Each structure stands twice: as structure tokens, then as C-alpha cells.
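There are 4 protein chains.
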Amino acid sequence: MSVASSRHFLQIPGPTNVPDRVLHAIANPTIDHRGPDFADLALEVFDKLRAVARTSADVVIYPSSGTGAWEAALVNTLSPGDEVLMYETGHFAELWSELATTLGLRPETIPGDWRSGVDPDAIEQRLRADTQHRIKAVAVVHNETSTGVVSDVPAVRAAIDAAGHPALLLVDTISSLGSIDYRHDEWGVDVTISCSQKGLMLPPGIGLNVISAKALLAAQSAKLTKAYWDWQPLLSAGKQGYFRYTPPTNMLFGMREALSMLLEEGLDEVCARHDRHAAATRAAVRAWGLEVLCRDPGTTPGTDHSSALTAVLMPPEHDADRLREVILEHFDTSLGAGLSKVAKKVFRIGHLGAFNDATLLGTLGVVEAGLGLAGVPHEPGGVTAAIAELTGRSGE
Amino acid sequence: MSVASSRHFLQIPGPTNVPDRVLHAIANPTIDHRGPDFADLALEVFDKLRAVARTSADVVIYPSSGTGAWEAALVNTLSPGDEVLMYETGHFAELWSELATTLGLRPETIPGDWRSGVDPDAIEQRLRADTQHRIKAVAVVHNETSTGVVSDVPAVRAAIDAAGHPALLLVDTISSLGSIDYRHDEWGVDVTISCSQKGLMLPPGIGLNVISAKALLAAQSAKLTKAYWDWQPLLSAGKQGYFRYTPPTNMLFGMREALSMLLEEGLDEVCARHDRHAAATRAAVRAWGLEVLCRDPGTTPGTDHSSALTAVLMPPEHDADRLREVILEHFDTSLGAGLSKVAKKVFRIGHLGAFNDATLLGTLGVVEAGLGLAGVPHEPGGVTAAIAELTGRSGE
Amino acid sequence: MSVASSRHFLQIPGPTNVPDRVLHAIANPTIDHRGPDFADLALEVFDKLRAVARTSADVVIYPSSGTGAWEAALVNTLSPGDEVLMYETGHFAELWSELATTLGLRPETIPGDWRSGVDPDAIEQRLRADTQHRIKAVAVVHNETSTGVVSDVPAVRAAIDAAGHPALLLVDTISSLGSIDYRHDEWGVDVTISCSQKGLMLPPGIGLNVISAKALLAAQSAKLTKAYWDWQPLLSAGKQGYFRYTPPTNMLFGMREALSMLLEEGLDEVCARHDRHAAATRAAVRAWGLEVLCRDPGTTPGTDHSSALTAVLMPPEHDADRLREVILEHFDTSLGAGLSKVAKKVFRIGHLGAFNDATLLGTLGVVEAGLGLAGVPHEPGGVTAAIAELTGRSGE
Amino acid sequence: MSVASSRHFLQIPGPTNVPDRVLHAIANPTIDHRGPDFADLALEVFDKLRAVARTSADVVIYPSSGTGAWEAALVNTLSPGDEVLMYETGHFAELWSELATTLGLRPETIPGDWRSGVDPDAIEQRLRADTQHRIKAVAVVHNETSTGVVSDVPAVRAAIDAAGHPALLLVDTISSLGSIDYRHDEWGVDVTISCSQKGLMLPPGIGLNVISAKALLAAQSAKLTKAYWDWQPLLSAGKQGYFRYTPPTNMLFGMREALSMLLEEGLDEVCARHDRHAAATRAAVRAWGLEVLCRDPGTTPGTDHSSALTAVLMPPEHDADRLREVILEHFDTSLGAGLSKVAKKVFRIGHLGAFNDATLLGTLGVVEAGLGLAGVPHEPGGVTAAIAELTGRSGE
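Residue numbers (the UniProt record's numbering), protein chains in the order written: chain A, 1 to 396; chain B, 1 to 396; chain C, 1 to 396; chain D, 1 to 396.
Take these hints with a grain of salt, some might be off.
Computed cross-link-like contacts, DSS-like style, restricted to lysine-lysine with a CA-CA straight-line distance of at most 30 Å [stated by the list, open to error]: (1) D:K226 to C:K226; (2) C:K226 to C:K239; (3) B:K341 to A:K239.
Hint data in this document are derived by calculation from the structure and do not stem from the laboratory.
Owing to the predicted nature of the structure, the values given are computational and were not obtained by experimental measurement.
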């Protein structure tokens, strides 16, 4: 049970803080998923989802986590033994690669340093070498949630095209969709993978795919076993606003509301808001004398700072998880842990989803306070620097 | 948007009416799924779920529909080409059989008439004939949602034992768990399959398996491909109250509340409540001069009336879907359609989940009113008969 | 804490069942009552309230009960020692008269039998006799909540006019506004008194006055002490959408939503819905062989059946409160008690506010069941009669 | 409708941010205010309210604003023409004095400078001079919401006692109860006046009085007209957990929850939390180079900084309302305006009610940002100073 002093700040890089408006929508009484009101709901959700993904393509929604949406993308488009080209942007790229192996695919992962994005040249080079076109898909993570690095998806598309290679382009937008500029159609993506609990401002529980015509065609000959994840029956039922199996009705109530909120604010405005908060966060990090994990965008091809989260490197000998514990205990604020290779070395500040200046400054304030309490060497004044960044822009 | 005259009566056989207490719990702010509060939540949900399923075995929870939980049960315990013995109790038994085929199994279905339950003798006979033990699992539906017939699971267990057969026993309790007496341990079930939106009084979005030690053992050598549905990593993480992938946090808030409500009322009391409502519903159906789809329990082995729903046969030449439309339009009450073989021939009254006498009498009242408006030949007085049934018992 | 079997049926004649849509609105975060969003809220509420009261006059809203709104009407228009003509329609008319005495007024109450409405002839006669115009106000109850009798307000207005008397007309619409046809302007009412928790479908907590120009004029010379209830500062602030003291913000969120629901459904449709439910309730009462408290509208001037509630006479020697206890205990349904003179002799079925056919039939069903359990002599078949009444009309 | 970027910061000195747990409680279905569940609710609320006011005396609750609770205190204890000694601590003390005049009392107000609290010596002196005991009550404001100054209530009590004067002591705790240490019994207060929307963390809509035995005795001979506010019938009904008129049921649901939250945290802990946040706020104000309105506690008798709000003086020639507009527009944060004599000269930061370090730092952050955007001369670093204050204490 919460106490009066607890307005939890959920500043992990997802799940994110769900707006009251969305929570209230989710609390509406469940309706008949075979009745006319449901069809109206589902069709509106599909339409608005397309608007947010900037696409006119088909979408499918699963009661699932984001990993389910990864699985759906692979089993619908590929066949046993197919090669998939991946890129080690961080922890989630690695997990996706492991999943491909589990499903009977043969992933090949271009190594990365967990501080930069997908190198388009490396992709192009590898595809050019694949003269037999054994590689059936290129699968990349748009915003690597474990590192706070954004890859240049249009450049990956261009690399594939430059290589004249027919591979499908699968993109994980789990922590970017709804927070960072993303364009399924314009960027020539074949399958967009995403889920509910990040930029879409919902609780976890929905996974989704956006599917290009080329991916649909590939699905016709894909041989991996699929039942729950099978696009075909979902797409057929979806045209009328229904689902093949019982859909997550109340989550869809929330999704209608959350997508409406994004579209009311305007996608460009949403992205600009997150860009601004990310810049202010980096300003704070630098003022503290700490280092942002993501490399300088100017120096590394295909690499940009994430507007959804900022991963911060701890000074040597200081444990990021200890800092996070102090901040949780003293300030009821959750930050993201460093994962796998960067465990304990970084902490991650989530600034995606429903978020505003006051919440950002409160978050940065308790991080600064926590650095002090935990005895982490740093300069004060991070919040001051963030305020300067915020008002320098908003004041113009 | 609802209007003042609309307190929708969701009397399909699931999703069911979600209590306000559960809806409010679901509307709580999402929390960090890696934090200590989450672990407390998850462990409490697992414990209470075990109590409701009357088991001390392992449970896994998926962000999924009920069909996902079916798939999980099959892929974790079986290998390509394995034979599965099934029984055609109705539509959902057939769908499960189709799923087995899709997954590369070889289901063999004992035919049924859609008005009776699993015949334990037929099961025993078939297993005795399987001297090679090619059949690896017997998969039956406890409460067939399409027909309102309950099968005798302990008798099926006894049949398997009588045949001295090692097959696993997989039981679909999707529309029985939390409404109809069910005992995973005592009845010797290997995998119990269920989901959130029926007797558990939640919106759709969670699927679950209860797993016996024997099923766990089988899982070690099962060869079907599995990733999302794989029990092993979920069970490992679950011991500490965590999930392998992002769990449906807000649904779990609701599940904790809904399970608490069932346990506060008492499982025996919950089942007795549903038994009583089902008896009153049948009294109304008979008073209308209509026929209940389920055969007389006295005449057919392994067959009992469902306490979760009642399927009602329409008089010849009258379309059940037309009746349902009239009732939805005039009375804002949703009833279940006849499915597949019994489409348009039956309608189904759901009386499971959160339900009381007043809601039952309101439901039966509008069905009686709808029969009149739709011109379906019937005697009035169904509600009178239901009242007599309710008060005869409650007055004792 | 509610249990799974409890969807309480709140069938007292107010507070009424609050729709989810309204409850969710009330649960929105409180806002600054001096900020621009608040002004928009308040002005919308005032406008919609005027629409529901069918007026273009001024309205004031109080954080108060309905009795507070009575007090407001009196202290703003009258001076110490003023005579007020009242009519004993039942308990609430008597309470209002007591309040007038407490405030230093001199109420004169025309006796009534608690089974009929205001006799316009008696009003006219009394006013004609008041040649000195000592009577400053005629105060009547539109729908007497204690008896289920509606008085003919236009006939009272006509009686005042026929007598050529300048008295103000004050009308209590506490249990009629939003359920029974009422027209402040067309009927020439000077002060309409109402509150939130009946036909307006809100929780208790708001009282209100609608104020004619003549009443405003009277207020300028009224000498009763007033501070909290003083119209003037509230009206001044209200023009800009603000309040003189801190307003009940969250209740106003709910009021905006509830008024919107009434206007979306249409006031004529809302009234017709309640008329229909009242007729079905009376059909049930008669089928049970019981008597409705309200006299036959054809036989008593100024008397009509209430569409908001039905008061039912118990057979002699049977205690209505015992019946209500049985129904509450067995069926989680609240009915209204008989008050004062008719205590234990009548029970009241509320069918006002958010209500539909299924809820009505559920309510009548449990009343019929309760009559049986409590051993009250009656004929079964009340619900059958109600169904016939409902479908006879709706089927035309 | 809210947008994704809006998690409004309601930092006026009340209404305050209502915790989700309280909002959810308020959204529960309304119940019968004459039924047994209601009595349990009311008795629990009364008990917990007594615990929070540190009293064993009687309490009454009104559906009203705080001004209603003022009126109730006066009309129940006093008679026409009675003299009341008041003290001009600020705007609300003045309003209370105006109310006394309106009600037919004769208030005498000791002038103050709006920057300090009640001077106990001045009270004692005036009472000593009143040898006829014409003064029937001393009425003071504990925490003056317009200035952020706390008066020393025990010292006022001591002054009355030292003068050997029988006057009642009436104390407005509207913005202190639940945030600042307050003790009705120990401090010898006769009537405590408060309301729901400040430290009690509820929406507005409830006013309340705590009543000493001496005040109850005075009520027996008090002659001011009273009806709605009359303690006597409310106290009689309240003993059984009922109300004389329809109570604000849903607000009471919320009140039970909010009082539980305060008691779960512990009253001492709640007060310490607010003391700490107030100290951090003053540290920020001083770092900005601005002045706190409240005089130095060390220099002025009966004066202490408020732990509920901080009023900040603007530099000359700068308009506080313009600053508030900038902050509302840019940062969706509401601050309190300067009222009456200090209009435009001060702005008020509310830090009472449900509040924690992160929310405080977010609030101070946007104030600092707003000072910059509005061109108000100030030093940056206020948040840095607040962090130092917060961690200096919490780190010990």
C-alpha cells in the first residue's frame, strides 16, 4: 500500500509512468469481444497505431510481452536454418540473437562495443559478401534500451539497398516507438516490432508487429512452426475489428486512449519533447562530471544519443546498483540497472513516455541527491545545468 | 461512451464482469518489474493461484490468451509427431486438436455429440489398445465453454490409471477454474491450463499453466520448439518473484485482488454459488419450455451440467443470433453465440465469475423479455421458476 | 471490502447507483480552483445544469447536502417572521417546514394524507384568503421521496396566479430533477432546489438552487442572516467560472460527466425511461397483490405516481423493515425504509438515476424472492408482469 | 483532457495532490447511508480523525468548504452581538473576521503585519482589559495560508489562562491539520476548524469541527440561528455512525483512506517530512537571493515558518502573477497567488499533503526555470541548495 509520501517516480526505461487518463480507460468494464462496440474499438486502435508508426501497412496485436513480438516477427517470415544478420548494439540485440537460435535460425551477429549503434557500412559489406543470399533478414534494434544508443535505420535500409540484397529488414522499436522519430513506410522497414509499456505509455501486456507487403509475401513461404503468433488468422479477423483468440480488451481501452494522447500532442511535438529532456539529462550528467555511455554521435557512424533513456557510467570502483538502491530507498525513484556486460557499471535514467519538465527535474534532483548519499564522487549543479538546457531552448 | 441507462450485463461465458475492486487494482500505477514490491506481488499471486487450483505444484503465468496457455502445455511436454488423445466435447476441444496438428503433433479425437462430456470408458479402452504407449498425453476440456457440459476429470484420471498407461493428463480449465470445483493435485492432473477472464474475474490478458512433477520431467525431453512458452526460464525466475520477460504488471495487481476475493469468499462457497445460479437458470429454461443443450447427467457417463454457463437450444426455425441481437439492442445484455456445429441453434447464458442473485434474475428477466420481443415461442414465468429455485435452497 | 458475489443493487430512492463513467471522472486529479481549466469546468457545469433544469436563469452550487439547498432558498429570499405556505405531502415536506421554523420563519402547512400530492385548489383558496400578502412564499415538494407521489407544479403556479398573489414559488426537486419532467422557466418557478445524489447520478455532496429574476429581486431585501448560503457573492464569482470559497472540484468533474450523459441520452428519453420503469414496477406490485402507497392519479387532484420511486404498502402485521433486512442480507440489495408516519408500513423501491431494464428486473426479482423468504403473503409473478409491461411498450 | 506531457504539479497551498489510493477509494460505488456498512465507515472516519487531531473530543463533519466549518464554529458557540477577539495574521484571518460581522457578532481584530503570527502578549493584554468578559471567544489561525506563518497556539492558550479569561479558543487548522504538529486536547483548544483538501489529502468538499466539552456547554446557550450547521443533531446521529442529512459518502471513502495513510506513516513522521521539505524550500529561496515572507522566527514572538507552504517575496517591480503564469504555461505547475494586501507581491509554494523529495525538487526546479524565463533577477542554484538541505538531514 502506498503512503502519503510516495508518488513513485518510475524512471526505468520502461515500463513507464502510465497517465491517469490511460489508467482510467483501462479500468472501464470489460466488453464482449465479439460485439459491435469491440469492433469499433479495435479498428480505432489499429488506425491510430498506424498513424503513430507512420505507416499504412498491416498491424497485428498480441497479448504478449515485447519478446513475444520479436518471436512473431521471426516465425512468420523465416524458415528453419535461415540466416539472420544481427548487430551487437547491446543486451537486447544479444537476447534477440539467442531467440533466433532457439527458434532454429542461424543468426550471425556483427560485434559491437555497447556504446555505439549499427554501423551501416558493416551491414552493407556483409551483405555484399553474401552473394548466395543466404541471409534472409537483417534484424536491428532502433533504440538499444540497455545502452541508450539509437541506430540509423534509414542508413541500414540504404546499406541493404546498396548491396542489392533481398533480405527483409526487421526493426525492434520497443523503446523508441512513441518517443523517438520512427517511420515504418518511409524508412522501408519490413517488420516493426514493438510493445505497450514504453513510449506507448501503457502497462506491459501488448506486443505488436507492423508488416510490409514484402514481409507478408515472405510469410507465405515461411516454414517455422507458428500457431499463437501466426499473422494470417489475426490479419483476417482484424480487418473486421476482431481477434482470432480472446483479445486483451481492457489494455485496448487504454491503448486507444494512449494513442489518442500521442496524436493530440502531435508526433513531432512528442519527439521534440523527448529530445529536449534527453539533452537536459545529458547536461546534468556532464555537470556531475560523469560520462554518458553512448559515444559522441559525431564520431561513430550510425550512432545517436537516445531520447528515451540515458545510460550513465559510474566512476571506477563505484557500484551502480548500490546507487540505485540508495535512490529507491530514500527517494522512491526507480532507475534502470546496467545489464549483462555493463552490469553495475552503468545506471539508466528513463525519460520516455508520459513525462514533463517538472518530473524530469525531480528525477535529476534525486539522482544528484543520491550521488551524494551514496558517496559517489561528483560535482553538484546537475539540475542547474538541466534547467539552463531546458530554458535555453524553451525560452527562445 | 456509456449512457445513463447502460449498466451492461456481460453474460457471455467469459470474459466476465470484472468487479470494481479488481478494476481499481488494475488502475494502480505500474511499478518496476525488477524491484522488491514486484517480487512481493508475484509471489503472492503464485501462492493464491495455487490455493485456487488446489495445488502445491509450480505455476507459470503468461501475458497471453487462453489459447497461448494451451500451446504452452503442448510445446513444453511433447515432441514432434507425438500422439495426443483428445475427446470431442465441443468447439474448444476441436480447436485444441487443430492446434496440436499445427504444432506437429498427431491428435486423435474420440468423437462426441456436443451434448455430453468425456466418456472415461472410451478413454480407457483406447489407452489399453495403445500397448506401445505411442499416446503421450490425454488432453480434455473440463468445462466445455461451447456446450455447457462438464466432464468428470477424476474419472478420466482413473481410466488412465486403470489402463496402466503413462500418458500425461492435460486439462483445459479455462471456463471452470474459480467457478466449478477443480483440484489439480487430488485429481492427478499433469498440466492445468487456464486464463484470466472467466472464473478468475479479470479482463483477458493472462494465460497460465499448473505443472505436475511428472510434467516437469516430461519437459526435460520434450523436443517441440519453444521460446516464449518455455517453462524453464519462467520457473527459475518465478521462484524469486520475477519474470523472464516483462510481466503484465497491472493485470497482476488485478489478479492478486481477484484471487483474494475468491479465497475470502471461500472456494467451496464460490462453487456452491455457481451451482445454485446454474440450477436456477435451468429452472428458468425449462419453465420457458426450452431445452438445455447438456444431456441429463443421469443418463450419460462423464457428463454434468456446467455451473459456469447454460447453453439453450432454440426451437426449430428460430435463429439464436437474432434473439441475441434483440437482447443486446433492447436490454444492453450480451449472451454467448452458438459456435461452429451449433451456430444459430443455441445461445449461451454465462453465469460465472462475479455474479449474484439480483444480476442473475436481471439476466433471466431480459432473456424472457427478449424471447417475447423476438417472437420465440415460450411460456412466461422463467424468472418465477428461478426465484423458486433460489429461495427454496437459500430459505432452508 | 466487496466479495465476488456482491454487485450491490442500491435501490433506495437516492443516493443512486453512480455510473462508472461518472466515478472515473470524479477520480481525476484535483486541479487549481483559481486556474483557467477550472473556469472552463465550472462554466460547462452551469450551462449543462441549466439545460437539465430547462432554464436560462442563474444557478448556484454548494458543497452541501440537499437540506443545505433548502436552507439557501429560504435565507436568500425571506426575512424573519415571514409566512411560508407549505403542503404536507410527506416526510420531506414536514422537514422543510421544521427548517423554516428553525430559521425564524412562520410556515403554515396545509395537511395532507401522505398518499397524494399538493392540492392546487387548497393553495389557491389559502392565498385568496391572504389579502394582506403576508405569505411571502409557497414551498412545495415536486416528487415527495417519502411517498412516491408527484405534485402538479404548473397547477400550483396557476393557483398562485389565479389568486393574484405575489408569493414566490419554491420547489424541491431533489428526487425529480434528472428523472421526472421538470421545467423551471416554463412552469414559472422562482427557486428550484436540488442536489447531486438522485437523478443527477452523482454521489452526495452538492446542493443547488436555480433562481428566477423575481427571486433575485426578493433577495435584495431579504433580511435573514446568511453567509455560506448567500447567493450574491457566489453569483458574482460564478459568472467567471469561479467560486467564492473552495468548490468541490472532483464532484464537479463528475457533475460535468453526469449532466453530459443525461443530455446525450436526451431529457425526454430519460424521463420516458423512468416512466416506463415505474409502470413496470407498479405492475409487479399489483401482481404481488400489494398496494402502491400513491393514490390513483385519476381520483386525487395534483397527484401522480412517481417515476423515481415506488412506495409499497405492506400487508397489515408485516414489518417492512424486516423485509428490507432479509433482502439486504440475502440479496445485497438496499431498499428505502418507510419514514416517520409510515415507518415499517411501507418500503420504497428506487428506480431513478442510472438504471436499465435488466437492473430493474433484477431488483424486482429479489424483492419477489425476499417477500417469499420473509413470509410476506403475496402472489408470485411480479417479474412476469413487469416483463409484460416493459415489452408491451418497447415492442410496439 | 490531459496530454502525455502533463502530470500536473498542484503546488498551491491546497487543494493538494490527492494520492491515487485516495482517488480510487472515492471512486467506489456509493452505498446506502442508512445501512450497516455506512455506520462502520463513519465510525472509523470519526475515530481516525480524532487520532489525527490528537483528541478524544467530539467531531462533526459537514459536506461543505472550510468556510462552512468556520461558520459552524461561530454559530454553535455564540450569540448575536457577542464579541470575538481575532488577530490579523493575514487574508484568511480577515475573511473570518468579516464572516463574524456578517453573522451578527462583533469581532475585534488586533492588527498584524502579515509577516508574523499571533502575538500572545497582545492577546493576554487585551483579555486582561476585558474585565466584564464581553469577549466570548478568541479566534486564531494556526497556519495562515496567505502568508506561510504559523502561530503558537499553546502560547495563545497560556495567554488566555494567564488573563484568567473564560473566552473560548477557536483555532483554524485548515492548512495545518495533517501537515504541521497540532494537538486539540493537549493545547486546550475549544473548537478546531478544518477541512479536507489540504493536509488531509482529499479533494475539497468536507468541513469539520472538533469540539471540546466547554464548547459543547457553550452551545447549549448560544443563540445565533443555526440549522445546517447545528452540532446537536449531527452529534446525536454521529454516535451511531449516521448523519442527520445525506452525508458525502464517497468523500468519506476517501477520508478513511487518507487518514489511514497518515496514521500508517505516523503523525510525527508526517510532520517531520513537511518540516524537512519546508526547510529545503527556504534554502532554495535564499539561494535564489529572494526573501521569504515570514519573519525570522527568532525575532518575532508567536511566529514560525510554515511547514505547509512558503510565501516568497518578489523583487520590487516584478509581478508574482506574471511569474505564476509563465510557470503554469511552460511547466504545468500551479503555484499560489498573493492575496489581498500582498497580491502580485508574493507567490506561494505549497509543499503540504502528499509530497515527497522528488516532487519537491521538481517543483523547485520549475520555479527556478520560471524565474529565468520570466526575467526575474535571481541566482541559479536553488535546487542545489535544496538538495544539500535534504541530504544533509537524511544522510545523518
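Cross-check of the supplied hints:
Simply put, K226 of chain D and K226 of chain C have alpha-carbon atoms about 10 Å apart, close enough for the 30 Å limit, and the pair holds. Restraint check for K226 of chain C and K239 of chain C: the C-alpha separation of about 21 Å stays at or below 30 Å, so the hint holds. A threshold of 30 Å between alpha carbons decides the hint, and for K341 of chain B with K239 of chain A the separation of about 24 Å falls inside it, so the pair holds.
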